[in-house]
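Please model the complete structure; the sequences and the hints are all you need to start from.
Next come the chains, spelled out residue by residue.
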Amino acid sequence: MIDISGLRKTYLMGEELVAALDGVDLHIDRGEHLAVVGPSGSGKSTLMNIVGGLDRPDAGTYLFEGEAVADFDDDELADFRNRRIGFVFQSFQLLPRLTALQNVELPMIYCGVDKAERRARAAAMLERVGLGTRTGHRPNQLSGGQQQRVAIARALSNNPDLLLADEPTGALYTATTIEMLKLFEELNAEGLTLIVVTHEQEVAERARRRVSFRDGRIVSDERRAA
Amino acid sequence: MIRRGDLAGFAIGAIIAHPMRSALTALGVVIGVAAVVMMTSIGLGAQQRVTSAISGLGSNLIVVMPNFGGPQPGGGVARQAAGSALTLTDDDAQAIAAQVQGVAAVAPSVRGQVQVVSDGANWNTRIEGVTPPYLVARDLVVASGRMFDDAEARQGKKVAVIGQTVVDQLFPNADPLGQRIRVGDVPFEVIGVLASKGQSGFGQDQDDIVLGPLEAVRSRIVGRRVRGNSVQTIYVKAADADQLDTVQEDVTNLLRDRHHLREGEDNDFSVQNLASILAASQATVQTFTILLAAVAAVSLVVGGVGIMNIMLVAVTERTREIGLRMAVGARRTDVLYQFALEAVTLSLAGGILGLLIGVGGALLMAKLGGWPVAIAGWAAPVALGFSMLVGLGFGAYPAWRAAQLDPIEALRRE
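Residue numbers (the working numbering), protein chains in the order written: chain A, 1 to 226; chain B, 1 to 414.
Fair warning: there could be bad hints in the mix.
[Said to hold, decoys possible] Here chain B is said to cover these stretches of chain A; the calculated rule only asks that three of the stretch's residues, wherever they fall, bring their Cβ under 8 Å from a Cβ of chain B:
| hint | region |
| --- | --- |
| 1 | 72-84 |
| 2 | 104-113 |
[What the hints assert, rightly or not] Using 25 Å as the maximum straight-line C-alpha spacing, the simulated SDA-like pairs for lysine to any residue come out as follows:
| hint | chain 1 | residue 1 | chain 2 | residue 2 |
| --- | --- | --- | --- | --- |
| 3 | A | 115 | B | 332 |
| 4 | B | 158 | B | 118 |
| 5 | A | 182 | A | 141 |
| 6 | B | 197 | B | 56 |
| 7 | B | 367 | B | 44 |
| 8 | A | 115 | B | 17 |
| 9 | A | 115 | B | 15 |
| 10 | B | 157 | B | 89 |
| 11 | A | 115 | A | 136 |
| 12 | A | 115 | B | 3 |
| 13 | A | 115 | B | 345 |
| 14 | A | 115 | B | 4 |
| 15 | B | 197 | B | 175 |
| 16 | A | 115 | B | 1 |
| 17 | A | 115 | B | 9 |
| 18 | A | 115 | B | 2 |
| 19 | A | 182 | A | 29 |
| 20 | B | 197 | B | 371 |
| 21 | B | 197 | B | 282 |
| 22 | A | 182 | A | 193 |
| 23 | B | 157 | B | 233 |
| 24 | A | 115 | B | 16 |
| 25 | A | 115 | B | 5 |
| 26 | B | 197 | B | 233 |
| 27 | A | 115 | B | 333 |
| 28 | A | 115 | B | 8 |
| 29 | A | 115 | B | 7 |
| 30 | A | 182 | A | 170 |
| 31 | B | 157 | B | 139 |
| 32 | B | 158 | B | 91 |
Worth flagging that the hints you see were computed from the coordinates, not collected in a lab. Since we're looking at a predicted model, the values are computed, not measured. Idealized CB from N, CA, C, for every residue including glycine.
What follows is the structure, encoded as structure tokens:
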């Protein structure tokens, strides 16, 4: 599904050029459950941004289902993020003014799904993540775990090909973390491709494949028998 | 593609999320639009009142006045003060009546400001010394009693026809007919009362007047300024509107002839018909209206700056929201339209409220202050159109800033 080769990205930090990605090759198949680990500044977030279509590489190729995402213009990238990718962030990134249901509706609004259908789909998605009774709550009326479930429901609402989770459990308690990982495993079992960026050992251990980054390069790529 | 209704929903949702702030943001536009609507209403009202006032002077009327403006030996101003510059006389009036075709009435007149006293009641008013055709020329009617006749006017009999305001001031509880009044130091007998004409557009009470015979008023009341058989104004009423221009021309030629003016020499009098006076006055009022509206429009622009300011704050505050929207698939144009629409909606809401307040305020001024007010039919579309433009103009930059944000940076912002 994803074919990355020779990916490079440099940033200007102050006066110094920092190579966030220094020649990365990576192949990911549909249905994989992948953990990306590494110290901060190792380039894993940069990779996620590029894979998710939020950023463009300086050099190298990135093919998603055979399409050269690196060549997309801004609008094509927006549509790519809208239909192909679901993002889950460490800080949930829910809009505080909106109810859980409205938050989940948001990606569908940007591809023009009509109101009745997106309501129904959003409600079903919240039901799926176990929040069927909280659709009318606003983020500040929900616990951290519940908020992250809303964010996952939002990420899934447009039936993406790939779920990108950046430190999804970083702001959660241990018990909630375990619930969240269970949910991820279920979703992966249903066929969803999953990439999780994490610091946490127990989160990485759940994945069937672990890719480690250091200084902008992949230093190990281990698979675990299912 | 996002649906338009959903974009509007975002804009309205953001506005009602902060009702107080939104109200204050729109306030500038509210005030601006209200001010523009009120000012144009006042201007239009004044214009209408000027029109009715000038037409109220009398229909088909030509006004002949001595001209002090032209170069005159001895200096115009000094001679005006001495009263010797009055170049029009009774004889001019009589000549016009006798020789110009198509004239319905010719009325020479002198006037002054006097103190009128009756039985201790005391009133400062305008006096005009006239002849009977004056009533015809000025479209006036005697409501009770009678007008003095030609003989009385010529002999300088001391009789007076007074306006309703003078009646109210001097004879609040009595029949004024037959009563004696003192005009300055001169006793007059009241023989008639004029039908009320109401206020003129210049705020002048047209009923606040005393009419006396030309001769008596000239020699006894305003004599210090008007000597001999001079007059200050000759009113000429044309028989009908079609003849107005020819009458005006004939009067001019006759007077030039009578005053022995050579070819190329300036008139020592002015002949104006009401249509041209009306046009001139309306132009003046219009200039003032535009001036007032322009000043009011400045506040509309200030309102626009207020919207821009708050929208810039909103973009900064909602950076994370913008980043998230982009991450879940908002195109840059979607973000641009969302914020532009928010500004336009705020501004338009302010415009609608301002329109209501402006119309309400204008009506209130008409009711309480007695201002002449007329609300133009175009006030609503223009006010709303302008407030939309203000929203668009001043919302464009903040919206553009929002659309240019980098989603990664935006999501990271606290």
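A quick look at each hint next to the structure:
1. With 7 residues having a Cβ less than 8 Å from any Cβ of chain B, the region 72-84 of chain A passes the three-residue criterion, so the hint holds.
2. With 6 residues carrying a beta carbon less than 8 Å from a beta carbon of chain B, the region 104-113 of chain A meets the three-residue requirement, and the given coverage holds.
3. Proposed proximity of residue 115 of chain A and residue 332 of chain B is supported: the alpha carbons are some 22 Å apart, at most 25 Å.
4. At most 25 Å may separate the alpha-carbon atoms for a hinted pair to count; residue 158 of chain B and residue 118 of chain B meet this at roughly 15 Å.
5. Proposed proximity of residue 182 of chain A and residue 141 of chain A is supported: the alpha carbons are some 24 Å apart, at most 25 Å.
6. Among the hinted pairs, residue 197 of chain B with residue 56 of chain B is consistent with the structure: their alpha-carbon atoms are about 8 Å apart, no more than 25 Å.
7. Taking the CA atoms of residue 367 of chain B and residue 44 of chain B, the gap is about 16 Å. The hint holds against a cut of 25 Å.
8. Distance hint between residue 115 of chain A and residue 17 of chain B is fulfilled; the C-alpha atoms sit about 21 Å from each other, no more than 25 Å.
9. Only pairs whose Cα atoms come within 25 Å are accepted, and residue 115 of chain A paired with residue 15 of chain B is accepted, the gap being roughly 21 Å.
10. Annotation: proposed proximity of residue 157 of chain B to residue 89 of chain B holds, straight-line Cα distance about 20 Å (limit 25 Å).
11. Straight-line distance between C-alpha atoms of residue 115 of chain A and residue 136 of chain A comes to about 16 Å, which keeps the hinted pair within the 25 Å bound.
12. Distance check on the hinted pair: residue 115 of chain A and residue 3 of chain B sit about 10 Å apart at the alpha-carbon level, within 25 Å; holds.
13. Note on residue 115 of chain A and residue 345 of chain B: the hinted pairing holds, with a Cα-Cα distance of about 22 Å set against a maximum of 25 Å.
14. At most 25 Å may separate the alpha-carbon atoms for a hinted pair to count; residue 115 of chain A and residue 4 of chain B meet this at roughly 12 Å.
15. Of the pairs offered as hints, the one joining residue 197 of chain B and residue 175 of chain B holds, with about 20 Å between alpha carbons and a cut-off of 25 Å not exceeded.
16. In summary, the hint linking residue 115 of chain A to residue 1 of chain B is supported, as the alpha carbons are separated by about 14 Å, within the 25 Å threshold.
17. Distance hint between residue 115 of chain A and residue 9 of chain B is fulfilled; the C-alpha atoms sit about 12 Å from each other, no more than 25 Å.
18. Straight-line distance between C-alpha atoms of residue 115 of chain A and residue 2 of chain B comes to about 11 Å, which keeps the hinted pair within the 25 Å bound.
19. Of the supplied pair hints, the one linking residue 182 of chain A and residue 29 of chain A holds, its CA atoms being roughly 21 Å apart against a limit of 25 Å.
20. Under the criterion of a C-alpha separation no larger than 25 Å, the hint pairing residue 197 of chain B with residue 371 of chain B is consistent with the structure, at around 17 Å.
21. A C-alpha spacing of about 21 Å is found between residue 197 of chain B and residue 282 of chain B, which places the hinted pair at or below 25 Å, so the restraint holds.
22. The straight-line distance between the Cα atoms of residue 182 of chain A and residue 193 of chain A is roughly 15 Å, inside the 25 Å bound, and the hint therefore holds.
23. Proposed proximity of residue 157 of chain B and residue 233 of chain B is supported: the alpha carbons are some 21 Å apart, at most 25 Å.
24. A C-alpha spacing of about 20 Å is found between residue 115 of chain A and residue 16 of chain B, which places the hinted pair at or below 25 Å, so the restraint holds.
25. Distance restraint check for residue 115 of chain A and residue 5 of chain B: the Cα-Cα separation of roughly 10 Å lies within the 25 Å cut-off, and the hinted pair is therefore satisfied.
26. Between residue 197 of chain B and residue 233 of chain B the alpha-carbon distance is near 21 Å, which keeps this suggested pair within the 25 Å criterion.
27. Of the pairs offered as hints, the one joining residue 115 of chain A and residue 333 of chain B holds, with about 21 Å between alpha carbons and a cut-off of 25 Å not exceeded.
28. Using a Cα cut-off of 25 Å, the hinted pair residue 115 of chain A and residue 8 of chain B holds, with the two alpha carbons roughly 14 Å apart.
29. For the proposed pair residue 115 of chain A and residue 7 of chain B, the alpha carbon gap of about 13 Å is at most 25 Å, so the pair holds.
30. For the proposed pair residue 182 of chain A and residue 170 of chain A, the alpha carbon gap of about 16 Å is at most 25 Å, so the pair holds.
31. With a C-alpha separation of about 23 Å, the suggested pairing of residue 157 of chain B with residue 139 of chain B holds against the 25 Å cut-off.
32. A C-alpha spacing of about 22 Å is found between residue 158 of chain B and residue 91 of chain B, which places the hinted pair at or below 25 Å, so the restraint holds.
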